[in-house]
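Trainee: One-letter residues, chain by chain:
Protein chains: 2
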Amino acid sequence: MSKFRTIWTTEDRFVEVIDQRKLPHEWVVVKLETYEDAELAIKEMTVRGAPLIGATAAYGIYLAVREMIEEELDPSFVDEAFSALRASRPTAVNLFWALDKMQKALDESTDFLTTAWDMAGQIVEEDIETCRMIGVHGLPIIEEISNRKKGETVNILTHCNAGMLGCIEWGTITSPIYQAVQKGIKVHVWVDETRPRNQGSNLTCYELTRHGVDHTLIVDNTGGHLMQHGQVDMVIVGTDRTTRSGDVANKIGTYLKALAAKDNQVPFYVALPSTTLDMTIRDGLTEIPIEERNQDEVRYSTGKAQSTGKIESVLICPETTKAANYGFDVTPARLVSKLITERGICDASEEGILELFPEYR
Amino acid sequence: MSKFRTIWTTEDRFVEVIDQRKLPHEWVVVKLETYEDAELAIKEMTVRGAPLIGATAAYGIYLAVREMIEEELDPSFVDEAFSALRASRPTAVNLFWALDKMQKALDESTDFLTTAWDMAGQIVEEDIETCRMIGVHGLPIIEEISNRKKGETVNILTHCNAGMLGCIEWGTITSPIYQAVQKGIKVHVWVDETRPRNQGSNLTCYELTRHGVDHTLIVDNTGGHLMQHGQVDMVIVGTDRTTRSGDVANKIGTYLKALAAKDNQVPFYVALPSTTLDMTIRDGLTEIPIEERNQDEVRYSTGKAQSTGKIESVLICPETTKAANYGFDVTPARLVSKLITERGICDASEEGILELFPEYR
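Quick mapping for you: the protein sequence lines, in order, are chains A and B. Okay, so the first sequence: first residue is 1031 according to the working numbering, each after it adds one. Okay, so the second sequence: first residue is 1031 according to the working numbering, each after it adds one.
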């Protein structure tokens, strides 16, 4: 499909990304020339979304290797880059997966620069293919609902942005949606705003607009009401980390939508590249670290000011009020209808996951 | 208790209210001199909260009667005022209750002006006493949790503003909280931001700050996560209308918190003056009309601009993205632990309500 990618290389062999904090109002491209640039891009959420974080970290290692060679630095410089990038975000497991993959490739290589460049590129291409396949497997779910509704619009609710902007192309949850739209199936997406950072209203609405997909923005409070009134045919969300038992860490608030889906017999799907599987842990609630972010993300809301047209942050509480800002929550496997992966669809359970991924047996 | 009231009369016998849309950043008093002023104040949410809407409508009728007499208008002028005020908001039943009370009093009176003035004043005083009694009955619930926790802080989560700002004094959900704090019980309140209009961050945080109650602002997505991790001892919310069977209409998103409370065995209380009971209907989901408001409340967020210090609205989605804005949702009685009323505590069921309010048998 896509009209654009979220990360790309330049002629002088550096890396560029979109500053996603400025979307949908401004299209700003940021050049990453050092691993610190990549680290900062992840930390400050210039880039976000588990697969894109992984790809950015991989290129961060490439940039460190390049700097080491060009500046004749000690190899420990690259070790520092690994440590720094590993610490840039805590929840998304793709970050660690991508860094492990880079580490292994470098360990087995003598031509570090070529290896790092090629492996980062490979991680990007693999993500694109993985997302495409998630769409191939997810599409029949939408098709079936459309058939059941005799071609009437299929209403899909999503939370946060697990779209192409969080990946490279296609996205995870958007891949079946884009493929359904390409096939002529009538689809409408309810987009959760996703406070505090508004990835839904800023990013999901943006990419659905660019791809011509009918959608309606709602506040995070609304999904339950819509489900009670039969206005949601399915929920589909992404994940930053899925445990061996099928527990799913995703953007804060996902759990509430899963509860509402269960209460109203609305199927609740999680779309994931297998790189977000963390087969080393079982209990998502106790074992997945949940990032706590700056309280000002909650105390302020950011957008394009009505009076000036400039991007502005507005304080939405008394000056002295403090806030808590948990980035993710965990949806227990019992609330997840199915996992949609690049290898197919499975139950959110150890048995289900192992059927598709027997290498973890 | 209170440091201020939300509606009061002036020496020249008009009415003043706080423009709650400007809180917490600015304290602006609005004088209501005609029933149209009162109607607009309700419609545009200068005032909000079921009891305060009722009180404002009651004074709106007084203002209509006054204008009729002073301008020697036809009595149909007051009928028009009744119709206009009745149509000013659809969900809160107190509005209709207050207007019915005014109508009845006027029907039985010959001195319309005195009757309207007195009855509006009585509605205000009754609300204050009602709210105080909700606190008297709710306080032991907080006390018991405090005792069970051996004096450790009691963590209370609330959604929207069912505080004194939505009433006249005390508030509904804040009445037990203020009374607990006065008694020296350690209380901490998790305040849901409550998008799209941010009554939590704007109003609840404001009044808790003014009354020195420890609180933390969270986005609407966070409550489930906190409950999963034992950080919420009880949830307490208000209601705009409660049916005969105990279904509760309240600010959009309340239902999601009730689901999370149930899933984590956290007690879920609804505090209500009996004026919000609607004993004429049973099924909240099909019988309570849910207000749909302007989509720009969702597309924009409003607060104090960081760069200018002025109140500003910022667009949080692409220019072309449309939004849906449902004001309320219905929490089924099965998810409500208890109702806290001015007459005591009861089950959220017809039997429970009738035990306290046998006049509806």
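Some hints could be false.
Which copy? The list can't say, so a pair holds if one copy fits it or any two copies do.
[To be verified] Below, a list of computed lysine-lysine pairs in the BS3-like style, where the Cα atoms sit at most 27 angstroms apart:
hint, residue 1, residue 2
1, Lys1213, Lys1061
2, Lys1213, Lys1334
3, Lys1352, Lys1131
4, Lys1292, Lys1131
5, Lys1073, Lys1061
6, Lys1052, Lys1134
7, Lys1352, Lys1180
8, Lys1334, Lys1131
9, Lys1352, Lys1179
10, Lys1180, Lys1131
11, Lys1340, Lys1180
12, Lys1073, Lys1131
13, Lys1052, Lys1340
14, Lys1216, Lys1052
15, Lys1292, Lys1340
16, Lys1213, Lys1052
17, Lys1073, Lys1216
18, Lys1134, Lys1213
19, Lys1216, Lys1352
20, Lys1073, Lys1340
21, Lys1213, Lys1179
22, Lys1061, Lys1352
23, Lys1179, Lys1073
24, Lys1292, Lys1052
These are calculated hints, taken from the structure and not from any lab test.
Trainee: So, for every hint listed, does it hold in this structure?
Mentor: Hint by hint, here is what the structure shows:
Taking identical chains as interchangeable, the C-alpha atoms of Lys1213 and Lys1061 are never at most 27 angstroms apart, the minima being 36 angstroms within one chain and 59 angstroms between chains. For the identical chains of this complex, Lys1213 and Lys1334 are neighbours neither inside a copy (35 angstroms) nor across copies (46 angstroms), given an alpha-carbon limit of 27 angstroms. Neither within a single protomer nor between protomers do Lys1352 and Lys1131 lie at most 27 angstroms apart by alpha-carbon distance, with minima of 40 angstroms and 42 angstroms respectively. Taking CA atoms no more than 27 angstroms apart as the test, Lys1292 paired with Lys1131 passes in neither setting, with 37 angstroms inside one copy and 43 angstroms between copies.
In this assembly of identical chains, Lys1073 and Lys1061 lie within 27 angstroms of each other by CA distance solely inside one copy; the values are 15 angstroms within and 50 angstroms between copies. With identical chains, the CA atoms of Lys1052 and Lys1134 are never at most 27 angstroms apart, being 35 angstroms at best within one copy and 57 angstroms at best between copies. In this homomeric assembly, Lys1352 and Lys1180 come within 27 angstroms of each other (Cα to Cα) only across copies, at 26 angstroms, whereas the closest approach inside a single copy is 51 angstroms. Proximity of Lys1334 and Lys1131 under a CA criterion of 27 angstroms is satisfied in neither setting, with 40 angstroms inside one chain copy and 46 angstroms between copies.
With identical chains, the CA atoms of Lys1352 and Lys1179 are at most 27 angstroms apart between copies only, with a shortest distance of 24 angstroms across copies and 47 angstroms within one. With identical chains, the CA atoms of Lys1180 and Lys1131 are never at most 27 angstroms apart, being 46 angstroms at best within one copy and 51 angstroms at best between copies. Proximity of Lys1340 and Lys1180 under a CA criterion of 27 angstroms is satisfied in neither setting, with 45 angstroms inside one chain copy and 52 angstroms between copies. In this assembly of identical chains, the alpha carbons of Lys1073 and Lys1131 lie at most 27 angstroms apart only when taken from the same copy (20 angstroms versus 59 angstroms across copies).
For the identical chains of this complex, Lys1052 and Lys1340 are neighbours both inside a copy (11 angstroms) and across copies (22 angstroms), given an alpha-carbon limit of 27 angstroms. For a Cα distance limit of 27 angstroms, the shortest separation of Lys1216 from Lys1052 qualifies neither inside one copy, at 30 angstroms, nor across copies, at 42 angstroms. In the homo-oligomer, the alpha carbons of Lys1292 and Lys1340 never lie at most 27 angstroms apart, since the shortest distance is 41 angstroms inside one protomer and 43 angstroms across protomers. Proximity of Lys1213 to Lys1052 under the C-alpha cut-off of 27 angstroms is found in neither arrangement, the shortest distances being 32 angstroms within a copy and 49 angstroms between copies.
In this assembly of identical chains, Lys1073 and Lys1216 lie within 27 angstroms of each other by CA distance neither inside one copy nor across copies; the values are 38 angstroms within and 37 angstroms between. Within a single copy, Lys1134 and Lys1213 get their C-alpha atoms no closer than 40 angstroms, and across copies no closer than 62 angstroms, so neither meets the 27 angstroms cut-off. Taking the shortest Cα distances, Lys1216 and Lys1352 sit within 27 angstroms of each other only across copies (18 angstroms), while inside one copy they are farther apart (44 angstroms). In this assembly of identical chains, Lys1073 and Lys1340 lie within 27 angstroms of each other by CA distance solely inside one copy; the values are 24 angstroms within and 30 angstroms between copies.
Taking the shortest Cα distances, Lys1213 and Lys1179 sit within 27 angstroms of each other inside one copy (16 angstroms), while across copies they are farther apart (58 angstroms). In this assembly of identical chains, the alpha carbons of Lys1061 and Lys1352 never lie at most 27 angstroms apart, being 35 angstroms within a copy and 33 angstroms across copies at closest. Proximity of Lys1179 to Lys1073 under the C-alpha cut-off of 27 angstroms is found in neither arrangement, the shortest distances being 44 angstroms within a copy and 38 angstroms between copies. Within a single copy, Lys1292 and Lys1052 get their C-alpha atoms no closer than 35 angstroms, and across copies no closer than 39 angstroms, so neither meets the 27 angstroms cut-off.
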